[in-house]
Every structure is written in structure tokens, then in C-alpha cells.
Amino acid sequence: MAAPVIKTIPIKHCNFEAKVKTAGSGPPLVYLHAAGGPIWDDFVEGLTEHYTVYAPHHPGTGETVRESIYTVESLWDLVLIYDEIFDALNLQSVPVVGTSFGGMMACELAAHRPERISKLVLLDPIGLWRDDAPVAPYMLMPPDKLVATLYKDLSSAPVQKALQMPDDPDELATVTADLVWALGATGKFVWPIPDKGLKKRIHRIKAKALIVWGEDDALVSSVYAKEFAARIANSRVEIIKDCGHVPQVEKLDIVRPLVANFLAG
Amino acid sequence: MKVTSFHFMPYRDLPEDFPRGLASAWVDAPWWEYGDADKVTDFYNWSIDELMLAAKLGFDGVGTNEHHQNPYGFMCNPNLFGAILAKMTRDQGLEDVALVQLGATLAATSPPIRIAEEYAVLDCISGGRLIAGVPLGLGCDANISYGITPMDQRERWREAIDLMLKAWTAKEFFAWNGKYYQLPKVNLWPRPVQDPHPPLLVPGAASSSTWDYCHDRNLPYAYLSYFGGKSAYNVMDRFWERAAAKGKDANPYRASFLQVVGVAETDQKAEEEYAKHVEYFYHKLLHQPTYQIAPPGYADYKSLLNILKSGSKLLQFGDLSVELKPLNAKDMIDKEFVVVGSPATVREKLASMAKGLNVGHLMVVLQFGSMPHALATKNIELFGREVLPHLQQIWEDKSWENPWWPKRLRTRKVKQREMATA
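Chains P and D, in that order, are what the protein sequence lines are.
Residues in the first sequence are numbered from 1 upward in steps of one, following the working numbering.
Residues in the second sequence are numbered from 1 upward in steps of one, following the working numbering.
These aren't lab readings, by the way, just hints derived from the structure by calculation.
Please note that a few of the clues may not be correct.
What the hints assert, rightly or not - Using C-beta positions, here's what the derived DEER-type ranges look like: (1) P:65 - D:45: 12 to 22 Å; (2) D:183 - P:42: 50 to 60 Å; (3) P:171 - D:400: 40 to 50 Å; (4) P:175 - D:218: 33 to 43 Å.
Stated by the list, open to error - Result set (DSS-like, lysine-lysine): computed pairs, CA atoms no more than 25 Å apart in a straight line: (5) P:161 - P:226; (6) P:145 - D:309; (7) P:161 - P:208; (8) P:196 - D:309.
Glycine included, each C-beta is placed from N, C-alpha and C at the ideal position.
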């Protein structure tokens, strides 16, 4: 398989220069990353076997200019940026897979332009709020607590692989700065509480949705699965046992066929 | 040198085992377990009395600041205290004391012209003695306690300063159509006494963006560190390098430094008297993790990378909630986080620090942590009588101008005032 390439797409809105990581072949699919920034993991790689995967980098993260986040002032701006990215890629009716913060953004896009999103896969999305099950303040945690909040079993091989950091101190500093900055750049649209009006818009979603949730998610409790399901007309929930906030890493063997079958169906 | 007596107004009576299992003394310490409003009545009043005592003893300035939801210091609006001090110093004939508001947090106040108004009020009541601090605000205060988005904070702060300056000086109505603030018609009442406006003072930790901001606008910088002069060279040397690179002179009045100080009759006595208050301050009140001081987005990318790449070369400590705990008072005195000793020792250490760091403004914290009112009074008196007059002479032999101090207070006090309390 060809190595992923970065597509540069100048966006008129906010004068943002979008970067979209692209690989694979087949019909198009959009993948929206989590708050920690773009990651190209085995799950995404797997999607490229059947789809041309477009993975836009959130403003300020990945290949984008770090300071570009300053021009994106509101969630409305961000949604319109995605809309223009979809225009540029000629995506008229496309499945979108979003994880955590990316899941919230997938819902926002599908609520904004219901006809444009053909299917939705939501992996432990944020975006709704219950006082009795507050979303963990993941931007206000020391690193050890953050990873313990993200993953159920820190000792498992895939989690260990996901947590690997570079040895070189300079490289480590850059990777750390990028991670912190990604949390800040995505956090701009959810601070201080990730409840920015999706509940008022989510009913507009027409796409068929698969809602996947780690049963023991400590960041956003799996009780939210039914909150999303209750608001998206054509949706189905899959709870992954013995799993935290990142099922596509923690339980890839279960999640991959679930998602593949849903998308193919 | 201009010497300001600075006060945080801490909670002085936390239990021995504080912070127990708390992640932080900030935001996370429940009032209903630790706070007692009757005690706070004393704490506030003592703090005001301690600042007034400093004013009587001839300090050049008295200083207050803003913090929220914590026992470290909870003058939620420094201008409440500034107003009291403005009036009391005026009534008591202490009209050579500057009010160093270090200050009200513009970016966390909406709209920020509220601060422009309050500062103007202080300048009016005091007759032109205000120094208008423009702190960015800590993450725990602005982002957590007040809900400001970390990524927006620095831009909000810059915009708010521009708005305040225009609101103070414009001779016409104006509409402000900013990124963060929109006001249809600005016509500030009152305006400051000082013309064109009170001097600004920019406090900071170690952000290179803040140094550049100061130099680009010819503003003075106050380095707020609790780790003493020895550890401040990393930061201040770079501050002065940046100044030179931007064509600014080495006028020491461009810089302020904050120092916790304890004075007693002898070095040994000072150590005995202040040790437990030093530990209370560093172990309990500064029990604060990095993620609270600077949540993601708070430091801009360039500063973040600079701090991460410099590691301990720039900042001695990352996580104050962990790394300070192994140090006892003796260690912290030896490392000169705090300057504790006889008047002679304190004089010598502070003079050498001021000269070494090239700072023209010193802000001393003479009541810190659990220090009771009586000991604070003693500390302020000893410092005021035996240390202050020597420090005030520093830089006097040089011809530097100090345009960052209220105009009417720029001439040096020739002698110490008689002590009202003597």
C-alpha cells in the first residue's frame, strides 16, 4: 500500500491552510482525530484497505501551522472549515469516523449538513453533558492520570505501543509540545465544559450511526452511549467490554470488524 | 531602587496535615473544610494593617494582586484593597506611596473596561499614585476559576490592554470592534489623574512572549518567582538579552523582582522564627501542579517549546506540588528561595541580588504563609528601619530615568519617615 500523503488545501474561511492526510483506495471516508492530535494507527491503516481515507488535521495540530488555531474563533468557524474541506475534496455524501473530540466534530458536521454525511461511526465521542456523569477534565491532569483515564489496561501491548515516546530529548520536547498544543487547540472548542450546543442540533443528523463505547471509559462514561443513541434517529450502540476511552486501540480486534461491517452494510 | 511591600493575603491557619490528599491547594481545597470566615475577617484586616505599616515606614509602594479559589491568597479583586489603601494613605499624609496593583486580571474580567474604570478610580482617589499592573493571570485563576479558554487568554489580554489604554486616553467617543470585546460607545468616566495614563507593569513567569511584549512596547517586566535571585539569572539574563536584541537599554527600572524576606535580630533567630512559615508557604500554599498553572493552550507554542527544550535550565521546578516537598526551611534558606537573616545579611543578599539581576524595583513579601500578625509587624518594622533605606540607595548613583513610576513620586525619599507605631 502506498504511504499516506499530506494534501494541502487552502481554505478561504479563516484563511486556513488545511492539511489532510490521505491514503488507501476505494470510496472516500473521513477520519476525525481525537483531542491529542492526529494519529495514524492500525485502526486507521485498516480503513485504508477498503477506503480512500481523508484525515484532516485540526487547526494548529499535525501538519498545520501551529498558530493557525488563532484565526479559528468559534465552533461555527471550525464547522465551516470542514465544510470547505469537503467541498475541495468533492465529498458529497461520505462516511465519517470520529473518535472522542473527533466524534463530537463528526456529529457537528452531520447536524450542519445532514445530507453530506452518509454514515457516522462515533468512538466514545464527547459533546454532551450530564451533571450526574461529568466528562473528566482531561485538560487538567498530570500525564500519568491522563493515560490512566484514557485506557483501561495500561499494561496491554497495544496501549504500550500507543504510549511510546521518543528517547531523544529534543524530539521528546517537540512531541510533548505538539501534544499539549493539540489539547489546547481542540480544547478551544470545548473549554471549560464540552457542551457547546450539540444537544440542540444533534436531532438534525440523518446519517445511520454506529456508536461504539468502551464500557469502562473513565473520560466520558459509557452512559453517554444512550444519550447519543436517543438523539440520533438511526443509530445503534455497541458497548465494548473491559475497555476504556479508546476502543480502536484497546480492542482493535473487536472494533475493526464492527466498523467494517457497519460501513459495508 | 524602588521597594514595594507586597501582600498576597494568605489563609494563615491551615491544619498541620494540609494538603493531605489534595491534588492542589488551588481550586481543589474545599472552603467548607478549611475556610473560616471569622478568621478571614482578621486575615484581611491584618493584611491591610501590614501594608499600611509599610507605607508609614517609607516603602516606595504597597502592592496587592488577584487570585481566586485558594488559600495562597484570595484578594479576588485587588482594587477593593487598592481603594482602601488609596484612601487611608491619603488621609494619613502618606501621599508619597505608590499603589502597585499587580494587578487586576483584564483577560478574566468582562468587559475589561471595568478594570480601566477601577484603575482610574484608584488613580483619582490616590491623586495619581497608581501603577497599573496588567497580569496575564494564572491558568488556575483565569481558565479554571473564571472559565476563560486557555488558547484565547493571551490574545484577550493583549486586546484588553489596548482597549484600556484607548479608553483612558481617547478624546472622542469610539466603538470597539475587537476579536473578543465589542462595545458600541466608549466614553470612560473617570479618567486617570496621571497623564497620559498610569504607568503599566507587566508581571510574568518565564514566557519569552511576555519579554518580547514588554520590549516591543517599552514596558517594564516583573519577574514573579518564588525561587530567589540565584535561580532568576536564567530568566533575567534572557530578558536582558532580548532587550539588547530589540535595541532597548539596560535601564534596571525595566525590571522588578519579587522576593520573600524574613528579618530578625540575628541569622539564627531569623531562621528559628521564620522556618515554619517558610515551609507552610512552600509546602502548603504552593502545592500546585503544572497543569493548573498552565493548562494546554495557555502558553503559546513558541514559549511552550522553549520551556520544554530548556528543561530545568530555565525553570528549576516543573511540578510544585511534588518537587518542593523534599526541601525543608533550611534548604530553602540555603538556596535563597527566601532571604532570611539579620538586617545585615538581608541587606547584603538583596543588594547583591538587585545588582546581579539588574533590577530597579524590588517587591518584598514580608508576611508569608502562616506568619501571625505580630511577627509580620516585627518583620516589616525591622526591614523598614534597617534594610529599606540601604536598598533605596541602589541605582541612585546612576543616571537612569524611571519613567515607569508615577511622575509625582519619582524623587527619592530622603529619609525614613518617623514611625507612627514606635
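- Task: Run the structure past the numbered hints and jot down the numbers of the failing ones, going up.
- Result: 1, 5, 7, 8
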